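Protein chains: 2
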Amino acid sequence: MNYSIRKAIETDMSSVLNLIKELASFENEPNAVVITVEDLKSHGFGKNPAFKLYVAELDNEILGIALFYERYSTWKGKAIHLEDLIVQEKHRGKGIGNALYYKVLKYAHQNNFKRVAWEVLDWNTTAIDFYKSTGAKVFSEWRVAQMDEKSLENYIETKDN
Amino acid sequence: MNYSIRKAIETDMSSVLNLIKELASFENEPNAVVITVEDLKSHGFGKNPAFKLYVAELDNEILGIALFYERYSTWKGKAIHLEDLIVQEKHRGKGIGNALYYKVLKYAHQNNFKRVAWEVLDWNTTAIDFYKSTGAKVFSEWRVAQMDEKSLENYIETKDN
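Taken in sequence, the protein lines are chains A and B. Counting with my numbering, you get residues 7 to 167 for the letters of the first sequence. Counting with my numbering, you get residues 7 to 167 for the letters of the second sequence.
To be clear, the hints were calculated from the coordinates, so they are not data collected in a lab. Careful, some of the hints might be misleading.
For chains that are exact copies, the list does not tell them apart, and a pair is met inside one copy or across any two.
[Unchecked claim] PhoX-like mimics (lysine-lysine), calculated; alpha carbons at most 20 angstroms apart, straight line:
1. Lys156 / Lys100
2. Lys138 / Lys165
3. Lys58 / Lys84
4. Lys143 / Lys156
5. Lys138 / Lys58
6. Lys47 / Lys165
7. Lys112 / Lys156
8. Lys53 / Lys165
This one's a predicted model, so the numbers in the text were calculated from it and none came from an experiment.
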């Protein structure tokens with residue numbers, strides 16, 4: 007397949023949001039996506055963008071994306087977080103995800119980042135096997151914790167009163 | 007206890023590194039910390055700092071720290087990641103961790119972040135119970151994946167040859 011991988015531009019954001027929603031459905035959270043095309047445009051472009059984004063494109067269609075940003079490890083130093091690696095369902099198995107993954111890791115390597123991190127669902131064994139085959143570690147002891155916007159609001163209100 | 011919580015300054019970094027190493031030992035990874043005081047100073051201060059940091063201080067001693075930075079959720083938008091919340095072992099149980107945690111969540115709330123995320127070891131039930139009591143969720147399905155610097159080097163070398 008003659009797809010190309012390039013940095014995203016603002017006009018890609020509608021296709022990008024479709025892929026984000028496709029992944030949310032795959033992860034059994036179809037209603038979790040509240041972000042909009044305008045959010046993606048304003049957060050990802052201009053001064054101090056909140057993320058970087060590669061897209062895989064063929065015939066003006068976005069087949070896949072890799073969205074990432076910087077993190078900081080107090081053990082190792084500057085790190086990259088790969089937030090989303092998504093390939094359209096009908097285009098899986100063609101090496102597109104592999105190529106996007108390589109592109110992010112190449113960016114991290116070239117820019118001297120000390121770690122690349124991401125999260126994966128424990129039942130997504132296809133993805134886990136792929137990551138391990140590239141030399142990544144998947145940890146069983148660590149748990150992801152999150153405070154969502156509503157709980158944050160409740161917690162602060164309770165503490166401040 | 008009359009400790010105060012304030013933003014960190016560069017001269018705190020030696021004490022901060024001691025606390026980071028104390029946490030690494032608690033997490034059974036005493037040799038995992040390769041970062042230096044100079045790294046923390048250059049990464050955390052000046053233009054585009056890689057992290058923000060609150061310290062709890064009493065009589066010119068740093069009793070605890072909370073280190074955090076921005077992330078990006080493709081579901082919710084701008085988010086905060088709480089990388090480290092550490093209190094000196096001899097000063098635990100005095101509300102210092104609670105106060106630092108509040109301070110980070112207050113920052114997130116005031117600045118309109120849509121989520122606060124962090125990671126916790128599954129055997130650290132004291133921490134997990136505390137987080138849950140504040141309204142946070144601790145997910146069992148998500149796994150943390152990481153590519154360390156050496157594996158990254160190997161992977162890129164293999165792919166590029």
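Outcome of the hint check:
no.: 1; hint: Lys156 / Lys100; result: neither (40 angstroms within a copy, 28 angstroms between copies)
no.: 2; hint: Lys138 / Lys165; result: between (43 angstroms within a copy, 15 angstroms between copies)
no.: 3; hint: Lys58 / Lys84; result: both (15 angstroms within a copy, 13 angstroms between copies)
no.: 4; hint: Lys143 / Lys156; result: between (33 angstroms within a copy, 12 angstroms between copies)
no.: 5; hint: Lys138 / Lys58; result: neither (24 angstroms within a copy, 32 angstroms between copies)
no.: 6; hint: Lys47 / Lys165; result: neither (35 angstroms within a copy, 33 angstroms between copies)
no.: 7; hint: Lys112 / Lys156; result: between (37 angstroms within a copy, 13 angstroms between copies)
no.: 8; hint: Lys53 / Lys165; result: neither (35 angstroms within a copy, 33 angstroms between copies)
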